[in-house]
Amino acid sequence: MEIIMSVAIGLMFMAAVYLILSKSLIRIIIGTSLLSHAAHLLFLTMGGLGGIAPPVVSDGVTVNDYADPLPQALILTAIVIAFAVTSFFLVLAYRAYQELGTDNMEQLRGTEDYE
Amino acid sequence: MSLVFLIFLPILAALFIPLLFKRLGQIHTGWFVLLVPTALFLYYATRLPSVMEGGTYVSELSWIPSLDIAFIAYLDGLSLLFSLLITGIGALVVLYSVFYLDKHREQLHNFYVYLLIFMSAMLGVVQSDHLITLYLFWELTSISSFLLIAYWYTRDRSRFGALKSMMITVFGGLMMLGGFVLLSIIGGTYSIRELIAQAPELAEHDFFIWALVLVLLGAFTKSAQFPFYIWLPDAMEAPTPVSAYLHSATMVKAGIYLVARLTPVFALSEVWMWLVAGVGLFTMVWASFFALKQKDLKGILAFSTVSQLGLIMSLLGVAAAAYHVEGAAETYLKYAAFAAIFHLINHATFKGSLFMIAGIVDHETGTRDIRKLGGLMSLMPISFTVALIGSLSMAGMPPFNGFLSKEMFLTAMLSLQEFNLFSMDVWWILFPVIAWIGSVFTFIYSLYFVFHTFAGKHKPDQLPKQAHEAPVGMLISPVFLAVLVVLIFFIPNVIGDWLVKPAVAAIQPFLYDSPQSVDITVSAWHGFNTELFMTLGIFAIGGLMFWTLRKWQHLYDLYPDPISLNRLYDELMVLSESGVSRFSKMYMTGFIRTYLVYMFSFVIFIVLLTLFMTDAFRLNFDNLAPIGVYEIVILFAMLGATVTILVSKSRLTAIIALGAVGYSIALLFVIFRAPDLALTQLVIETISVALFLLAFYHLPQISRKEERMNFRFGNAVVAFGVGLTMTLVALSAHSQKALPSISEFYKETVYTEAAGGNIVNVILVDYRGFDTLFEIAVLAIAAIGIISMIRLRLTKKEDQHENK
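Chain order of the listed sequences is A and B. Numbering-wise (our numbering), the first sequence opens with residue 1 and increments by one. Numbering-wise (our numbering), the second sequence opens with residue 1 and increments by one.
Check the hints yourself; a few may be wrong.
Said to hold, decoys possible - To give an idea of the chain A side of the interface with chain B (calculated C-beta under 10 Å), a few residues:
| # | residue |
| --- | --- |
| 1 | LEU19 |
| 2 | ILE28 |
| 3 | ALA38 |
| 4 | GLY60 |
| 5 | VAL85 |
Said to hold, decoys possible - To give an idea of the interface, some chain B residues facing chain A are shown, with a C-beta separation under 7 Å as derived from the structure:
| # | residue |
| --- | --- |
| 6 | LEU624 |
| 7 | THR642 |
| 8 | PHE720 |
As the list claims (entries may be wrong) - Label pairs and their computed distance ranges (CB to CB):
| # | chain 1 | residue 1 | chain 2 | residue 2 | range |
| --- | --- | --- | --- | --- | --- |
| 9 | B | GLU748 | A | LEU92 | 44 to 52 Å |
| 10 | B | PHE160 | A | GLY101 | 43 to 51 Å |
| 11 | A | LEU92 | B | LYS649 | 24 to 32 Å |
The hints are simulated quantities; they were obtained by calculation from the structure and are not laboratory data. A virtual CB, placed ideally from N, CA and C, is assigned to each residue, including glycine.
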């Protein structure tokens, strides 16, 4: 399963990077979102996908049956942070539309005066 | 201790100069300054008798003991000679400057502070026994010289000259630092005396030749040798006392000092001998040839200084040859070191006086252009006499000291005949011939300087001022130096015994045990020998060429300007400025996409290269989780949604597809037994999609035309590379687990230690609670940031806040 996941994650990275290299600001943000999804999945996969029970203590489940709880905790933190950053970016992009009137990255560059 | 203190005395005195200038402005500040070099000169003069006997003085002031760095003042024949020159000429120059610089119009405090700093730095250079502090003082001379050249900083040419000299000398200084560091690595010590003691072992080391070349670069740039001499003519924009002091008597001789001081270390290498003698001789001829092209009095003197420095340098090179000859103390080769030091003293006397005369002429007529000058002989008789003495001495005529040193120079060049290493028997003849040609040109420009200024027709209509003799005070220093010029001719052996021989013993310690054993007597008349006939030839040919100078001087205009070294320097400067900025403009396009491509490409390159080089890729099929049907289905859904994002024409589709990816991941979390993750992912994905829709809704009209993303091959390659890299890294990371997971501990102790059942939650708030704290902070900062972005709007009118 991990090998299939690795390939799928690679594909997601590929799509994310392709989007990040595009001209439109909103596609870039979609790309970063996709990138964080891929990173979270990579976390989970690298922790190992074994374990037959969720990491919650309950009767009749031995220690070896739990899924690895540590990557899950790390991913939880990462999700929240990625969310915070993405929402910040989005509002930034929204404000940029409002002020500059464009979302084309080719036009969003410093003028000669600001070099 | 006291010797080290004396080095810093001028700097300490400099602290009070601004105060004296502000409070006692009625008295010319120079008078106070004059006390410092005079006192120092007298002090150093008292050291002469014992140094003459071969005694040395050492005093040490620890600076950074843990790094073995200390100020060590070491006074032997060579450093005492230079100290006397620095303080002696320094006193005369200060005296001259009192009358040269107007106390009302000039910023005297600046001038004397810089000058005193320079004096300290120069004393430090010649007395330091420690390589690092020698370098420190060396750079201090560059800096103070920079300040002095640009003393009239409102003039463009001054600033240009200062910058040029700074660039070139600091370049050389840094090279020299490299050489010093290499030397200290080879020898294991920073002390020059200790390095000299182990000179034969040093020469065996691989770094030796590098250290040699780097140190020579430092010496050549400072002493204005070919091709680094170009800064010196431009440094003539400095006030004349500065030119007289720095650019004839002291700073430009720092390189000479360095070569002389390190001769015992490096002379064992033939490269040293060839470089020093060859470059010196070439500089001499080159500069004496181009001195005649100059129209500016100080320009002529600058080129003549370069030429004379080349002469001294070449003599030091020949002195190094004495290390390769058995019993050199018995051969004529012994004259080289003596001649070098003797000429150094002579040059300081006559060139100092000539500069001062050039300054006087400038001061009293308002111009230094030799084409406008002429016929000043009767108007300025004293200046003329001094200039005549200085020039004839420079030309090498009796009865002036220049004659003696020129004779010894020719002797030393002819003595290479005896030096039959490296098949010199064929090539030695080049040295005297080139030296002779250089001397002929020296003869011509010396006469050119004095006679085209003072003789000929007076042209009062071309002069900005009515020419008249200078005030007495201004004449004291040049007259004093001119008297020395004549005096040295008649008592050369006194100077030889007191000053030159101790210095020679310091340059060639392996030949002489003590200054007394230097067995050289200078005589004005040395019989009919080759040198004398060469000198007569110089006078004859030089006189003839000077007589016809007007006929052929315009030939210099044929020299093509574009291939001059100055042009090369200018081009290099322009290239380094505009070339570099063009280069950065080439890759700094301003498009964020370009930078991202750089970054991703380098990540791919580095990671794949590492994987390949360290043979790190592994694929291991053990320990895999079983493949489930649901997982495969969800993965397909997820990848399908991803592809939809890529190919979608409308952005709305892309956003919804992104939501689909997020929900499939939540489903994957469910299947992979991560309930908390699934919960969070669902909620957050929902909010994110809502935010995306918000951003989408507010898109401006102009770019609202929906279009599919254009396929770009370059982007696709980079993206494919990143994907491939991540897959390979993930596969090899998973296949090579080095250690078991720490999670066993959490699983076992979650209830007993932390009294919780949900292991993930307990990790978040108990085991690793700090992470959570700062994740909360991140959320808070993002929220505050968003609020401020929306609320705070500084409009283009600066005084108007929207939320006022």
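*Hints that the structure is at odds with (numbers, increasing)*: 4
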